[in-house]
Structures are given as structure tokens and as C-alpha cells.
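*Asks:* So the chains spell out like this:
Number of protein chains: 2
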Amino acid sequence: MTFQSFNPPLRTLMGPGPSDVHPRVLSAMARPTVGHLDPSFIGMMDEVKTLLQYAFQTENPLTFPVSAPGSAGMETCFANLIEAGDKVIVCINGVFGMRMKENVERCGGIPIVVEDAWGRPVDANKVEDALKKNPDVKIVAFVQAETSTGVHSDPAVLCKLAQNYGALSIVDAVTSVGGMPVLVDEWGVDAIYSGTQKCLSCVPGLSPVTFSPRAMEVMKQRKSKVQSWFLDMNLVMGYWGEGKSRSYHHTAPVNTLYALHESLVMLHNEGIENAWHRHAKNHLALKVGLEAMGLRFAVDEAHRLPQLNAIVIPEGVDDAKLRSQALERFGLEIGAGLGAFAGKIWRIGLMGQSSSPRHVIMCLTVLESLLSDAKADIECGKAIDAAQKILF
Amino acid sequence: MTFQSFNPPLRTLMGPGPSDVHPRVLSAMARPTVGHLDPSFIGMMDEVKTLLQYAFQTENPLTFPVSAPGSAGMETCFANLIEAGDKVIVCINGVFGMRMKENVERCGGIPIVVEDAWGRPVDANKVEDALKKNPDVKIVAFVQAETSTGVHSDPAVLCKLAQNYGALSIVDAVTSVGGMPVLVDEWGVDAIYSGTQKCLSCVPGLSPVTFSPRAMEVMKQRKSKVQSWFLDMNLVMGYWGEGKSRSYHHTAPVNTLYALHESLVMLHNEGIENAWHRHAKNHLALKVGLEAMGLRFAVDEAHRLPQLNAIVIPEGVDDAKLRSQALERFGLEIGAGLGAFAGKIWRIGLMGQSSSPRHVIMCLTVLESLLSDAKADIECGKAIDAAQKILF
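Protein sequence lines correspond, in order, to chains E and L.
Under the numbering used here, the residue at position 3 of the first sequence is numbered 5, and the numbers go up by one with no gaps.
Under the numbering used here, the residue at position 270 of the second sequence is numbered 272, and the numbers go up by one with no gaps.
Isolated chain E (complex conformation):
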């Protein structure tokens, strides 16, 4: 057998993540590897922490990227805050709420499920009812930006509720950080995790997290050891903690951290409010374009994520075939539906570098072309004009 170097095709990534990675970030990642305890590297780690505080809008000292993808960031929050028998309200309105419930159970916690329909936000009234019925709840957990449905739930309201009832909050912000306001200190979030491959437009593989001082105290006061050695914050902090002396815990993914640093420098240069504004504007342009074509969103306007657009697949259109054609003919990746939404929606990402006028126009053009071919009942020739009115 012989093996060749892998040369990936050029794609335009408009699925649920990864999003397009800027050449600056790719170049940064290809810089020479140094040791994970090299003084120069430790200086860069400090900047990554400061820049993540900016991205999360927090002053939490305990802010850093977990050395693994978003799912591991989720597990870091649950495994460190839950001890056996702890009650956790888990809000489920899509795939990632279900994953949270799995995490609670596997950590020995008792999940109290507050369920809302797929495509609907978390209902704060139901959460309050659950808090009233269960005064010993330790944590309220929910997804700010449900990547499986394109729905936004309101962390300001939900975190406030948790506080009012003396509970901690765990927030999934995998798809929100960098693409819409995530105001950790203002909202009083206790633990929150994100991913690098969404609105930060870094490569996948790291999960930024931050913990409030209150959450840190809970972790310090644990009676039992965290069940994961790799994710145990009390150990990880020997490496990512304060001060100049860093002790070995695990070997950090050095080059991926170069990439994250670069993507965060780019976010800082742009200004995070500008990034939020850009995501909102491109979403609006895509929306008017899609509507001009006659396509519908799966989510009410009030609860839509600008960075992840869930579009109802028009009747009679072959989901998998159209996505294949988009990829093969135009190099465009759009996302399939998951779970209850499989075969029913497309997920169109406008995240990070993939949130640009170029992406909006390309997506509208490709959809119009392929849906026409598929004889779908759409309006042709109006989408681009409509979008351009918003964009320029």
C-alpha cells in the first residue's frame, strides 16, 4: 500500500461548524512547535486567557480553553460542579440539552428535565416552576444557542432565575461566543463553555470555558474527587492557573493554541460589538433573500440565532441530494438537520469568517440554482436584490 499527503478540497463552510478559517489563523497554527512549558509559550497562554475574558465579557480569573472539543468543555463544567445525588434542572429543546442530561446522569447527578419543543426557546416559567418544586436544586443548565435548531434562549432571564433560587447556572455557548452577546459577568453565569470552530472561526479542537468565583468555591469544597482526571479543574489549574509557575498536567495542544490566539487577536481587532453587529446584519440579508425566494425559517423571528439559520426544506426536495450537489458542484457545505429535525431542515451557518456578504450571496445563489433544478416551488430572481439592499 502507498499513502499520499492529503490535500483537502476547497470548501465554503456554511454548516453548523466548523466555519471558514482565515489564512491568518491557518498560518499561525503552522508556526514551529515549542514546548508546552516554554517561557514564550506561557506568555502566549496568558494572552489567550485575557482574550477569552474579552470574548466571554468577564473578569473571571478561571478562564481558559479546555484541550479538547466543545463536548469536553461541556463535560468539564458538569463533572467539576456535580457530585453524586446533586439535582440539576436541565432544559431540553434540542440535541445539546439532551447531551447535558446525559452528562448529569453520568456524573451521578439527578436531572430534572424542563422540556420545550424543538424550535422553541426554553420557557422561563417552566424553569421557575421546577425551581419552586425542587428547592434543593444545585444547578440550572441550558443552551443559549441551540445548534441543532437555531434557537436562542435568554441567559439574562434564566441565570437570574437560578440566582433567585440559590442555584448555579451552566450555559452552553458553543455557537454563541463571538456571534452574539455573551455577557458572563452581567448575567451572572457560573460556568459556560464554547467551541473554537464556530463564531471564533478557529480550527476545531478546543473548548473555551470560564467559571465564576462562586463556581470555583464549589469546586474547591467538593467532598468527592472529580470523576475525570483529565478534566479535573483542581489539577488543570496547576497548568492554566495564575502566576508564573506552571506545572505539567497534560501536554497542551501547542499549535492549536497558536491558532486560537490568532483568531482571538482578530476578534479583538475587529471589536466584539462589531462582530455581533456583523453577524446580525448578514443574518438579516440572508433572511430577506430566503424569504424573497419563498423559503421559511423553522424558528419564530423573535428567537432566531443570527449565526445559525434553520430553514424548512421545501416539499418534494431530496435533502441529501441537494446538500451533495451544493458540495460537489459549488464546494458549499450546508448542514443537515439532527434528531427530530433530520430531513426537515437545513442548518445554514453564518459564523465568524463565514458571516460575510460573499457568503450570503453565494448561499442564496446556490440554493436558488439547485432548488430550481429540483423543481421546488420557489420564486426566482429576487433573492440577491433583496439581500443586497441590506448588505450595501
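Not one of these hints is a red herring.
Same chains, same label: a pair holds when it works inside one copy or across any pair of copies.
Within a straight-line C-alpha distance of at most 30 Å, the following computed DSS-like cross-link-like pairs (lysine-lysine) qualify:
no. : residue 1 : residue 2
1   : Lys283    : Lys162
2   : Lys89     : Lys134
3   : Lys103    : Lys227
4   : Lys227    : Lys140
5   : Lys225    : Lys89
6   : Lys227    : Lys89
7   : Lys103    : Lys222
Hints in this document: simulated from the structure, not taken from any laboratory.
Mind docking chain L on chain E? Use the hints.
*Replies:* Using the frame of chain E, we list chain L on its own:
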């Protein structure tokens, strides 16, 4: 505050890992990101699996890289094979045996410790005694190449023992794969994990693992769920398993996998036996050079790792100062001692791309220069000649 791109200094990495990464691998990593379900990427994943089977010398179908560093690979093996109350013999002769014990405990297992001195290999007689005393032992776990001490323990003997007593084996091969024989099928290893940043000379961040069919069966027959959702093999296999259809579990670290693919293609091109031979030869050259200088190894010749050389720090020499000077003056990273060996040894890696005549000569030159400056009792002017006789 303003932030600049990070430009790391040029280093020569001769510590315990990461080792020098070839520009081919760095370039591969910087290729454009594609989706983790892109058909082209899935084709590359299949090659990564085949190439890892080659690196592990196995036909195990369940062979793939965990999306996180070596410590997570360790946890994958323990968390998937242990259920509450399971007895596990853990052989401790350095830091990584201790970490194994932590893993067993955190998974609810009962560790039965077989201890050997730091710098000594695992004593098979002690393991057999422990197996005789505990006929219900489920797993024997040990470190093939103890990165903290530079000691090799014999997997052929230890895995055979486990089999004779009806136990599974878990082997830490973080520092061995690619640098010395790792013969998974011949030895009958049941679960084994490695790291990408050692003798494979890829960037850090992934942990190749492989499981025997017997281990797969044990995982399928579990009565309890694996405590980690992220590392649960029954779920991960939906993404990394056989066949064309791959379902989303977590977002794979796409670009780091490009890098691993490239480093494995390089290993395959060289031929794994040639790589083992190269590591052995460069080790021998370093050894004769160090001995000509009057330096001593911390490990008996029969049990030394060719890729990780534990050298006794000469009396009166300031450990941290010399390592800093090596880094600042010459850009050379050598490793400190850990745990019981902190301040007593240096760990000199000759791993992957860092196992070359150039590395041997540079290390000898730098050590001779700095130790002379430090007025250590060494012999000058003989090391390079001695090493060259082996090298050329």
C-alpha cells in the same frame, strides 16, 4: 490593550515531548479546514486508521485517535473497561503509573498496586504474585515506556501474564509508538494508548488508541454506562467506526488530523523498522558521547529507552539554570525531572524528528559547553568523536 500575532522562537526540542515537528506536518495542518463529515475528510480518516494499525502493528478494527492529548487516551482505556468494583493491577514505577492508579480510582475500580523503584522496570514476578493472590483481577495496567524515568518494561512478558490469569491488559505506549517496537497483536495487548507529540513527531493534541476484539466485547457487555460521554467508545464508534456512514458525535479536530495523517505517511514511507533502528542508533551515539563526557544514566543499560534518556545531573550543577541557559543561548529544550526525580535528572528526548545525528551532536555540544561553564567534573573534547564513530 493591543495584541500581536504570536511568533514563537525557534527551538530544538529534546525534552520528553513535544519533539520537533517536520515542516511537512506543519504545512499539512495549515491546509484549508473542511467539515468533519465531508466525504473527502472521511476518506482521510480511513487512511489514518490504517496507518495507525501499522504504527501499532495490529489488525484491530477499533483503532483511531482520541480527539484530545495522551492523558485523555489513558482515560478512554480505563473509563471504558472498568466498572465499579473491578479490580485492576496497576504497576507503578514512575509518574504515569501513578496517573493510572488515579484513573482506576476515579472510575470506581479497586487498584492493586505493584510498585517498583523509580528508574527500575516493572517486576513480572511481583505482578504474577499479585495475580495469584487476586484471581478475580480484571485488568493488568502498566507503562511500556515510562516518560518520567526513561525505563522500558517488557509488554511481551506482562501481557502474556495477564492472559495466563484471564485478565485484560492496558498499556501506556505514549512515548514508545514509532520509537521502538510496539507489537500489539504479537503481544496480545487489549487496550493501548499513545500520544502524537513524541516519536510520531506530530503536534500535540491527539491520542491514538487501539482495542482488541476481546476488549471491544467487554465494552459492549458493560452493565453501566461509561462515566464520560465524550470518551464513551460505544458512542465515538458512530463517528470513527466501520462503514461509509459516519454520524456526528463531536466535532473532530480536523486540522490536527491532517497533521497526524502526514506524520503517519512519513513513518510509513520510512518504514517502521527503520524508524526503530534510527532511534536505537542515535541513542547509542548519545550514550557513548555522554559517557565519554563522564555523565551517567539513571537507568540500567538493559532497561533504557532509546528515545528518552534519563541522565544524572552532575553534583553541584544548578538544574534549572542550566536548562534555562540551554534554552536561551542555544534554543535547546531538554526536560526536567518529575516527582521523585525532580532536580536529580535531565530527560533528553531523541524522539521522531528529534532523533537525528544533528540532534545528538547539538545536545552533546551544548551540554559540554554549559557544564564546563558550571565547573562540573566532566571530560571535555571527547564526546563528539565518540558519537561520530557510531553515527557515521
